[in-house]
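Residue numbers (the numbering used here), protein chains in the order written: chain A, 1 to 576; chain C, 577 to 1037.
Honestly, the hints are just simulated from the structure, not real lab data. Treat the hints with care, since some could be wrong.
Heads up, simulated DSS-like pairs for lysine-lysine below, C-alpha to C-alpha not over 25 Å straight-line [to be verified]:
#1 LYS92/A to LYS868/C
#2 LYS965/C to LYS412/A
#3 LYS1025/C to LYS563/A
#4 LYS743/C to LYS58/A
#5 LYS1030/C to LYS550/A
#6 LYS965/C to LYS58/A
#7 LYS1030/C to LYS92/A
#8 LYS540/A to LYS582/C
#9 LYS45/A to LYS596/C
#10 LYS7/A to LYS582/C
Sample of chain A residues lacking proximity to chain C, with all beta carbon distances greater than 10 Å (derived) [stated by the list, open to error]:
#11 ASP53
#12 ILE534
#13 GLN538
Even for Gly, the Cβ is constructed at its ideal location relative to N, Cα and C.
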Amino acid sequence: MEVGKVKRVAGPVVQATGLKASMYDLVLVGEEGLMSEVIGISGNKHVIQVYEDTGGVKPGEPVKETGAPLVAQLGPGILTSIYDGIQRPLTKLAEASGDFISRGLFVDGVDHKKKWEFKPIVKKGDTVKAGQTIGEVQEQLLIKHKIMVPPRSKGGTIKEIYSGNFTVDETVAVLEDGTKLNMLQKWPVRQARPTIKKLAPTIPLRTGQRVIDGFFSLAKGGTAAIPGGFGTGKTVMQQTLSKWADVDIVVYVGCGERGNEMADLLHEFPELVDPRTGRPLMERSIVFANTSNMPVAAREASIYTGMTVSEYYRDMGYDVMMTADSTSRWAEAMRELASRLEEMPGEEGYPAYLGARLADFYERAGRADVLGGGQGSVSVVGAVSPPGGDFTEPVTQNTLRMVKVFWALDSKLTQRRHFPSINWLDSYSLYDKDLEPWFVENVNPDWNKNKRRAMAILQENAELEEIVMLVGSDALPEDQQITLEVARMIINFWLAQSAMHPVDTFCPYKKQFELLAAILKYRDYAVEALQKGISVEQIKSVPSKDALAKVRLEAEYEPILQKVMAQMDADFKGLK
Amino acid sequence: MTKEYKTITEIKGPLIFVEKTEPVGYNELVEIRTGGELKRGQVLDTSDEIVVVQVFEGTGGLSKDSAVRFTGDVIKMPLSPSIVGRVLSGSGRPRDGGPEIVPEVMRGIAGAAINPASREKPRAFIQTGISTIDGTNTLVRGQKLPIFSGAGLPHNDVALQIARQAKALGEAESFAVIFCAMGITNEEAQHFLADFERTGALERAVVFLNLADDPAVERILTPRLGLTTAEYLAFDLDMHVLIIYTDMTNYCESLRQMGAAREEVPGRRGYPGYMYTDLAIQYERAGIIRGKKGSITQFPILTMPGDDITHPIPDLSGYITEGQIIVSRELHRKGIYPPIDIRPSLSRLMNSGIGKGHTREDHRAVSDQLYAYYAEGNDLRGLAAIVGKEALSERDKLVLEFADKFEKKFVNQGRDEDRSIFETLQIGWELLADLPESMLTRIDDKYIKQYHPKYAGTAKK
Ligand SMILES: Nc1ncnc2c1ncn2[C@@H]1O[C@H](COP(=O)(O)OP(=O)(O)O)[C@@H](O)[C@H]1O
Ligand SMILES: [Mg+2]
């Protein structure tokens, strides 16, 4: 392997000569051997991005080749880990270098000393193919880690297979052709892991958030973007989804964002309980934390590392959700590195390949028939942080070309402390039609009908509000005044949902449906009453209407809702 | 000894280009001697042939035969407990006529990243005595909460009031204030210093002054020196450190100037593409480390060019900091002090510092309810201006009045008025009590029964 020489250092980018390394190969820069990646080759010069601080690196220092690209280490022990962007466990870094991250440290993504109990599920003489599970490790109390024949290997007939305690490097099976299998895979992070075939998105990913599940739902294996200016609720939404989404595995990538947010997550997840399993949320989670002050090249890599780990668990047949906060910081990392390469910039200084990179990333999502048989999915939720909150900027626009769900955060709603501040007129889900049959079958035949009714009311409300701004609401015809009132109820009693409220943070499908149905029922009563000549003021001041406001805050809401609805019936019967 | 070069080939703005024979490290500290003066600089780009150096004290007076020495080391700050009480220049030299700091330790100023896994979640409530902060945008220890303001607004008074009044409830602890001035006028700086002196804060302060007529490049150093000092006080000496720096806008202008001198591809509105990362490296140096006693809380002040919150400086800051306190020209014109507009203001860490065991259990709900009606009332002002107040419904009239009273009673307070959190919540409740109870949709009934003035005293303990 060649050893080259540093020629020039400017920030995180180094130029070197005397190397044979290929594009995206990992190289080690300088006396300290800083982890780095080749990102350009021209003539005899290699351009290298360094994953660590380059302070003190001098021309003339050595650059060593490793002969391989940046890979993720995949094996038991990934769950509950917290990594930096290049999959170094942060707790191990802290043991090695204290509370501040120093450089030149090498730590493996999985523990190579720990022994795991391997239970074979195939036997001698069986034929196994790439991706097939040969055995299992109980990685967490409720999560089995499938030990698979690596993708792209030939497979073959099992000659030997063992059971017992092994490290990830030890052989657990041998094939007829002499190939040894262990519990560790290494996969280049910039390459998608293969599947047999991608499947249509027909199953919703339940988030427990009314505005999402009810109006703009995400499918398992789907892609969604949350663009919004600062403080509009991107991070809270991603954390809320990571808590309550009905997936098996959550991969949370904190890409160029705040350290304290990661601390918050690491503090909460071990304590919160997954409502599906009763186990701590941390057991199903993997966190990548490459905060804004950590090296920018590792930030660029973090998205790929996170995706590779997500795909790996998908390959075991799990439903995985990956959230990336924020993809804009990833794009900016690309821009920062590209500008140091003195590449010709595209729009707003972003490299011309921005759109292609975003596309490649979101394309790795999906529900699929996996190589080992069965199905798994990677759903992706990406936050986008548009400068000045302006959605016409390149990262938002390129993202919207790729993703199927758009949750548009609206700073006007934020200022009113309406959360989630997802704008109900601008947002959309292109999975809508694909998912409708599922809701009819699994929740309620009226699910889609009610949704469309509510959306129509909000649409009409928006138009009426413009008139109100000119003439005041009392000048509107009575039925339209009722529409305004019902819209207000949908907005305040149903769309608004506090992530901070112990009960309201998660709303099951049935409760979502019943709360909305109750509001629509009020509308039916109101319209009927109007026809009987009852005044708008009377209709608006029925006590049961206000009682409806707080049902969502109750865990055991059913009897309360029943009472409120019985009262509503009585209220309206009593109106004269 | 390292070699001295007299091989400056070009001087451009704050940069010098030097030819040299021995390898020079990236970010290395450089000393440039001209006449009797010693200037310091830092390597921005190093290659076999040429090195680009930014000179912190400015390139004025340098010529092609100035002597350049590469020190082989990065820039370090001398630190010892005796730094507390000192006034230093923007590049860390004594400005108070006192001696040089005799270092107990030397620390690199670049600031390594705190390992996210080593961070402690900030959640200790800090009472500032200002209702719009404590009540609706609560500060917690270890937070970075900037003040976004505009030219001519009383942001300095707000910052000083916070520095004077800030305290953790029920604790007496060792704390220090670090004040970094970047490009502000002498008068403004004196305003701060006089207040520190008046209240005795100066004895617990470290002051770094880079004033409007000091070199602009020096401003790149100032926050780094301040933060390095803060880390020393917090994590070596166990102090709770409050660092105020003003004005971040001037700091960013210096960054832009450096970028232009290097002919970099500019990002939005001419600011460097790496400004987000650069700002993050400063702002992220706030926080608490698990197992350490001290903490760093940051109050950066920045004036928004043209009062425009979408300008890259406030925009990128808002994306990094844990909220923002917005000083509003409109409220200032109405004569309200502190003219804090709560609507675009935010404290992201509020939730972990309030509620039972921190402030009071009804805090979140009261805050949310105040927000909702103040925002709605503001919207209604627009409507009332068009259709007239009479055309509003009864409910809307109430909400409109609420907004006015909110500004007069909750927002408005004296410059030395130090309200306890309970007084703040009480004012909030009294304002809400003017609305029918059925309108308090964001407050759990159990809190209404306990804290609503109507039921005051009737609730069971
Ligand atoms: N769903 C929600 N429920 C309650 N509060 C929320 C919600 N979403 C956001 N917030 C509030 O808004 C603040 C900013 O949200 P955050 O997600 O950090 O914004 P962003 O990531 O878009 O900058 C939070 O600190 C919290 O106070
Ligand atoms: Mg965020």
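(message) Of all the hints numbered above, which does this structure not satisfy? Sort the numbers upward.
(response) 4, 6, 7, 8 and 11
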